[in-house]
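Colleague: Chains B, C and D: place on chain A using the hints.
Protein chains in written order, with the UniProt record's numbering: chain A, 1 to 394; chain B, 1 to 394; chain C, 1 to 379; chain D, 1 to 379.
Calculated directly from the structure, the hints in this document are not laboratory data.
The calculated DSS-like cross-link candidates involving lysine-lysine, where the alpha carbons are at most 25 Å apart (straight line), are:
1) D/K115 with D/K102
2) D/K154 with B/K273
3) B/K281 with C/K180
Computed footprint of chain D on chain B; a stretch qualifies when at least three of its residues, placed anywhere within it, have a C-beta under 8 Å from a C-beta of chain D:
4) 204 to 210
5) 339 to 347
6) 377 to 391
Cβ-Cβ distance ranges computed for the label pairs, FRET-style:
7) B/A311 with C/F270: 37 to 43 Å
8) D/V212 with B/S206: 39 to 45 Å
9) C/Q269 with D/D262: 28 to 34 Å
10) D/D346 with B/R387: 33 to 39 Å
Please read these numbers as outputs of a predicted model, since none were measured by experiment. For each residue, glycine too, the CB sits at the ideal point set by N, CA and C.
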Amino acid sequence: MSDALETFRAETRAWLEANCPAEMREPVKSDSDVCWGGRKFRFKSEAQKLWLERMAAKGWTVPEWPREYGGGGLSKDEAKVLAQEMRRISARPPLSSFGIWMLGPALLKYGSHEQKLAHIPGIARGEIRWCQGYSEPGAGSDLASLRTSAVLDGDEYIVNGQKVWTSYADRADWIFCLVRTDPDKPKHLGISFLLFDMASPGVSTSPIKLISGYSPFCQTFFDDVRVPAANLVGERGKGWDIAKYLLTHEREMIGGMDMGSTGRDGMSAMAKKALGEDGLKAEPLLRADIVRHEMDAWAFGLTMERVKDEAKAGQGVGALSSMLKYYGTELNKNRQQLLMSIKGSDGLLWEGEERGDGDLAKSWLRSRANSIEGGTSEVQLNIIAKRVLELPGA
Amino acid sequence: MSDALETFRAETRAWLEANCPAEMREPVKSDSDVCWGGRKFRFKSEAQKLWLERMAAKGWTVPEWPREYGGGGLSKDEAKVLAQEMRRISARPPLSSFGIWMLGPALLKYGSHEQKLAHIPGIARGEIRWCQGYSEPGAGSDLASLRTSAVLDGDEYIVNGQKVWTSYADRADWIFCLVRTDPDKPKHLGISFLLFDMASPGVSTSPIKLISGYSPFCQTFFDDVRVPAANLVGERGKGWDIAKYLLTHEREMIGGMDMGSTGRDGMSAMAKKALGEDGLKAEPLLRADIVRHEMDAWAFGLTMERVKDEAKAGQGVGALSSMLKYYGTELNKNRQQLLMSIKGSDGLLWEGEERGDGDLAKSWLRSRANSIEGGTSEVQLNIIAKRVLELPGA
Amino acid sequence: MALVLNDEQAMIREAAEGFFADHAPVAELRRLRDAKDATGFDRGLWAKMAEMGFAGVAVPEAYGGAGLGWVAAGLIQEAIGKNLSLSPFLATSVLSAAVLVKGGSEEQKAALLPKLATGELLLALASDERARHAPSHVETRAEPSGNGFRLTGKKAHVLDGHVADRLIVAARTGGEVADKAGITLFLVDPKAAGVRVERRSMVDSRNSASVVLEGVQVDGADVIGEVGGGYALLTAALDAGRACLAAEMLGVSHTSFAMTVDYLKQREQFGVKIGSFQALQHRAAHLFCEVELARSVSLRALQALDDGDVRAPVFVSLAKAKVGEVAKLATNEAVQMHGGIGMTDDFDIGFFMKRARAANETFGDSAFHGDRLARLMNY
Amino acid sequence: MALVLNDEQAMIREAAEGFFADHAPVAELRRLRDAKDATGFDRGLWAKMAEMGFAGVAVPEAYGGAGLGWVAAGLIQEAIGKNLSLSPFLATSVLSAAVLVKGGSEEQKAALLPKLATGELLLALASDERARHAPSHVETRAEPSGNGFRLTGKKAHVLDGHVADRLIVAARTGGEVADKAGITLFLVDPKAAGVRVERRSMVDSRNSASVVLEGVQVDGADVIGEVGGGYALLTAALDAGRACLAAEMLGVSHTSFAMTVDYLKQREQFGVKIGSFQALQHRAAHLFCEVELARSVSLRALQALDDGDVRAPVFVSLAKAKVGEVAKLATNEAVQMHGGIGMTDDFDIGFFMKRARAANETFGDSAFHGDRLARLMNY
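Chain A with its partners taken away, still in its complex shape (with noise of 0.2 Å):
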């Protein structure tokens, strides 16, 4: 490891020690304790503000982003140490959101630097918190016939339509969206990509409820609402390659999701403590399915494993995005299901005195829209079987 490193990490350890405040050093229990930001944003203490100002000042809530748009432009081997150092205090993140994980890169790639000087800086410092637009009743997997149109009146853009599936769209402040901007064009074309303030005349809400009780989705609804013809990205009638680029980056983010946790012993363990020590000796299936699970899970583990391992050593295989995407969520579907076997009839509370009552079947219920969000089951094994395997008319 080069000297230069090596200063940088006893400084970030320093600044850390001193900065991050104690209470900001604790494993993060519940979705509250996650600091999303936003106009709307309340923060659950003095700390979490504190620790969010101090690294947004850094450019430390986007490490890797540049400095003139208000990341830390740090390096990719810099980022890795504070990582690590963050890890080290067990450090929460400063700050998660939309902006970040999708909005931001795709700015990067795709937007003007106006556009970069005047979104990015927000989402570093969490200021602004961003939804997604892009589902539309009736369209699901087919998202290129979405309807929601954007014309041209101007310098301004009237858009008209209804989104469905828009994470958060209740507490979001702005939305980056899929419009129809070429209403002649066949199917993918004609689609633009557009950044508007929720806070548009014309511009409402209204929160699905799920059959897991929880409502993180909003349908969207706009009604001449009136946004800058500055604000699309890219080239008008593009946009579909903006949402492509970012489909992709959210399949391996639910892909991922709570893999971590799920190879290796985490199931037999649990099996153990809910059923004792000898508890899966009496019940030979059960144990049957809890392994042959756990098999899946830890190829499933080692194969992602594989993926980085091999895109580190330039191998990589390319258009795994979608595997890890279909075979994941169907294994933790699979998970969540064996998770509520094991519990029996303390899997069924739906809700009840003690904290965590009702979290199980909770988190089984939203497990089932792993395999139906971003790109269904069925649209990725549609993908491997034309990008990767090149079958005829796939």
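Modeller: Chains B, C and D alone, transformed into the frame defined by chain A:
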């Protein structure tokens, strides 16, 4: 039960007692004990020959077929009594053949009086052995794309082409064959059903060796074979209807194959024999696989039973032959795999000194064809989707 | 015995299907859930079920019941499954009726069964103590006291326990925990001193309660069957419950599958009906076969109970395990093929998935019953 | 340790793939089978494998080997799987080399390993006695006699036993049948009095023999490792064999899958390429994922052996079980998607299915290794 039926039972019992040779009251041990009939058939024993002749004389090789064509002319109830009385003394079937199972029923339904007179008595007496000429090289499940041509020349058709998967074509006397009589009509229009002598000039066969080591099938070549026009069954160009009728028949036969021994405790009993009384306790995952299989097999067996009972009660759902074929053959493949697992390295034997060595491996390999022949599993699923579920575009 | 319904049974099926579709469709479950109804079912519906003869379907005519047996009870429960109707049918008319008919004294039968059949009396079976079903695992103690016993222990997952007028409690009068011998069944008044019943809010909006017994005094006359010989009686009642749960899951599978096939025919994507995608066609066709298999094993199990077939436990475990797997597959496929809309609470399919899961876990899932089946067949 | 090949390993893979594709493709297996070759492999090929350094790949350089370890051995065996090449590699270069390198005395190593590496000496491991793999089930007795032991017993499924110049025999010097303690490994000359080796004709045309020992006299110097402590040594050798079999099954899966995808692109039915049927596309796509998973676990198991990782047995069982299932699926799907032609002996795909089955059964199938994995993880 009516008096007439009781009288019939007494007479039948007496006749069987007097006429069924002792040797023919032993269970069939191998294929060589089966009487297939035909010009080339060599009887294994005098008793086998005598038994066929005596039964054929009464028309009881095909008890329910009309007497005028050499059948027994029995009613459904009488035929049932005959079957019961034969089972009582463990009498072997006097004759097995594709003529009985396949062609006979088709001729009775679609043939002219002359055709029935010409061909059915030979089937009933075991004089003529038939084979089936359906599949063609490269066509597989796509039967309707067949290319064997039959061109009318005066009062004869001239047949040219090639068939594949013709069961025992090298031992058959006659063939029932799908040919294209109208080359201009699309697909399954323009196909006719033709009968001809395998000894005709221009017919040749070549056995196909299978991965199981057996050669039950042939390739069959037709080179300017001249066939009397009178041998065309049903209307010209309507052969497809007859073929469909026969395919349903075949499907039911294959689906039901081996299923008698699948349900109940067949497999677990075998496992105990192979691994010792407590052997499965030491192999909990194998035991789990066996339980899961036995449950499916049992459920399938009960479904076969229910389908029969419902048919009797006039409640049949119809179109279930595809279900039985699909599920039954998939189950049998799974069964053969599990039997191989139970037997471990002993199951891998190909040839050996002891009688039965290699049988298991061969029957495992044989089972893999179950889901290909008589309409693949994929074709059965297509049929269910289309005819039962009425899904669009199926 | 032929695997078909006889005429009487066919009539009951028709009556039950019409009744629940008319009076207790899925919308009714949604209404009760959203209203956070304290009872968890509609007493008016239950009264109508009693009038129809459903409440006492398995009670002999001598005690005011319909005397129609378990196939009939299963057909009613299948219709319940198709409509996700809420009622105390399983707890009262199946589980408790089975215990009393088979094991009750003449006095107990005469006192309780006629009221059960008229719908006046609700009962519940308090047997399970562990979250994963293990029927012989009984820690609840019954210690001799006065002319009776004092009961102490905890019961989990007591179906309809919170509305029951009388509980049937399994407690240990002898033997060690998990022994089959030494278990005794008792009638317990939930209003008696020392009984605490708490309703638990369940994923499927059904009624389940936990019951705590703290030195509850019962009479000698409250013992059902032989002291120490309750396990056989409990098993018989559980088997009736399991067979009826299998029938219910068959109903759940049937409706989920039907909804899915309908959706495949209506919904368009990429410019065509999604039912024209071959991958979905094959999965739907496979599911069709599985539902047919579920129908066969469910009917056989119910028939075996009516016939007093010695193999009844084997058929019951086969049915509970196999239909449970089919219901899981049918509801999973239903949600997946419905896509996003299937995940929303506004749409009904989620209710079916929740019920399939809960019915699976109740009285042993497919792993439990697969293992039981293997043991019954000596391997 | 990164889950990628290092440069040296990448070179070995390339060399092995080229070598077996050129010198021992499937046609060569067919030729040997049809000729009913008495040896069951080509000694010329084996000599070339020795020249390439393959025979002694896992033998330390000090004893004339290449000293490249188990990842390298696995890559060779993967190439063998891709081409179904016949050779005594598994028996001699993996199983026997593992026993000798780990447990042999200096004299034994010096005498045997150099000849093993040059291909002059063939060895075979005679351990299994039951048809279903159960490595501690050793009934063969070794009784003290003279300055050594007398061996009596029967061994089944001895890979390449009929051509071995020397057998490594597991026999019991103490303990009860199925005890892990009390097993000892011996070097036995198959030409010694009382040894009877019989080749068995196998479904995959590989070489397997049964070995009968009737009071066979061996020397004290023929003991490998500690008397009574052979089980650990045997397990280590079996684990090397299992990891290499997993690698071979990965090769089998790879080629079967590649052949299937090619066929889907060529074959027409109903007027279109069958690869355009979505149901087949989805099955192929799923299989693609499974083969990728198989690749990961296979590599990790081999690496763990090279690293002396204490978790190596866990990774080996994971690999043997998972890759075995994948190979079964890949070959089953291959035959099914090829349709009728896949069932004919003229077409190669049947050979792959046969080999997948035999490799699965050898040294424990996925049920055996799933159970072993659970035990190793204490459940």
